[in-house]
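Peer 1: Given these sequences and hints, build the entire structure.
Line by line, the protein sequences give chains A and B.
Heads up: the first sequence runs through residues 1 to 111, numbered per the UniProt record's numbering.
Heads up: the second sequence runs through residues 1 to 111, numbered per the UniProt record's numbering.
By construction, these hints were calculated from the structure, which means they are not laboratory data.
Watch out, some of these pointers could steer you wrong.
Note: identical chains are not told apart, hence a pair may lie in one copy or across any two.
[Said to hold, decoys possible] With a straight-line cut-off of 30 angstroms between C-alpha atoms, the simulated BS3-like cross-links for lysine-lysine are:
hint, residue 1, residue 2
1, Lys16, Lys32
2, Lys18, Lys107
3, Lys70, Lys16
4, Lys95, Lys70
Protein chains: 2
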Amino acid sequence: MGAGAMGEIKHLVVVKFKEGVVIEEIIKGMEKLVTEVDLVKSFEWGQDTEGPEMLTQGFTHSFSMTFDKKEDYAAFQSHPNHVEYSATFSAAIEKIVVLCFPYVRVKPTAG
Amino acid sequence: MGAGAMGEIKHLVVVKFKEGVVIEEIIKGMEKLVTEVDLVKSFEWGQDTEGPEMLTQGFTHSFSMTFDKKEDYAAFQSHPNHVEYSATFSAAIEKIVVLCFPYVRVKPTAG
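Peer 2: Printed below as a string of structure tokens:
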């Protein structure tokens with residue numbers, strides 16, 4: 001068992017979008033954002049296909065970003081591109097869970 | 001933008017544990033499980049440190065596993081070690097969100 005790269009921070013967002021929202025456009029905007037802002041080290045997302053509704057609780061999408069360090073995450077939060085995108089994103093979601101944490105990678109082991 | 005490795009499935013679990021649960025033991029059990037079962041390709045977890053309570057909704061921990069393919073995920077679900085561990089895990093959680101999806105990696109780009 002080992003930690004993720006020293007000090008790395010993961011920013012995890014799980015959402016349910018409002019009815020009528022064009023989800024593809026919201027995601028395209030997020031892809032553009034993370035591509036433009038170098039502070040974001042990695043980004044991946046997915047749409048639930050397998051989860052039983054009892055366990056998804058109606059959430060449908062997951063977005064995960066990593067940052068090299070806490071300071072990069074803080075700088076991203078206040079980056080003008082992020083601030084602008086956040087307004088669009090916030091207006092599109094019905095419910096959200098956000099977790100932000102230094103992560104532990106158990107498998108595969110480093111090296 | 002590219003997909004994760006062809007067909008790869010991500011299993012994401014976000015939880016709040018019941019009061020009084022010894023979380024370290026639950027996590028130790030999960031680390032043991034994924035180490036013993038080869039079907040699990042990768043596993044990482046984290047405990048929220050940064051999220052504002054308004055956005056964490058009280059959830060504290062995130063667990064993420066990947067599988068090479070849907071069939072491996074299905075086989076893991078019915079694996080005796082998983083079935084046994086699930087009973088322990090289920091008894092320890094106050095609330096849970098589970099998403100399971102083929103994921104799209106936008107950054108870093110593959111290769």
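Peer 1: The structure should be examined with respect to each hint, and the outcome stated for every one.
Peer 2: Okay, the hints, checked on the actual structure:
Taking CA atoms no more than 30 angstroms apart as the test, lysine 16 paired with lysine 32 passes inside one copy only; the shortest distance there is 21 angstroms, against 32 angstroms between copies. Within a single copy, lysine 18 and lysine 107 get their C-alpha atoms only as close as 36 angstroms, which misses the 30 angstroms cut-off; across copies the closest is 26 angstroms, which meets it. For the identical chains of this complex, lysine 70 and lysine 16 are neighbours both inside a copy (27 angstroms) and across copies (23 angstroms), given an alpha-carbon limit of 30 angstroms. In this assembly of identical chains, lysine 95 and lysine 70 lie within 30 angstroms of each other by CA distance both inside one copy and across copies; the values are 25 angstroms within and 28 angstroms between.
Of the numbered hints given earlier, the model fails none.
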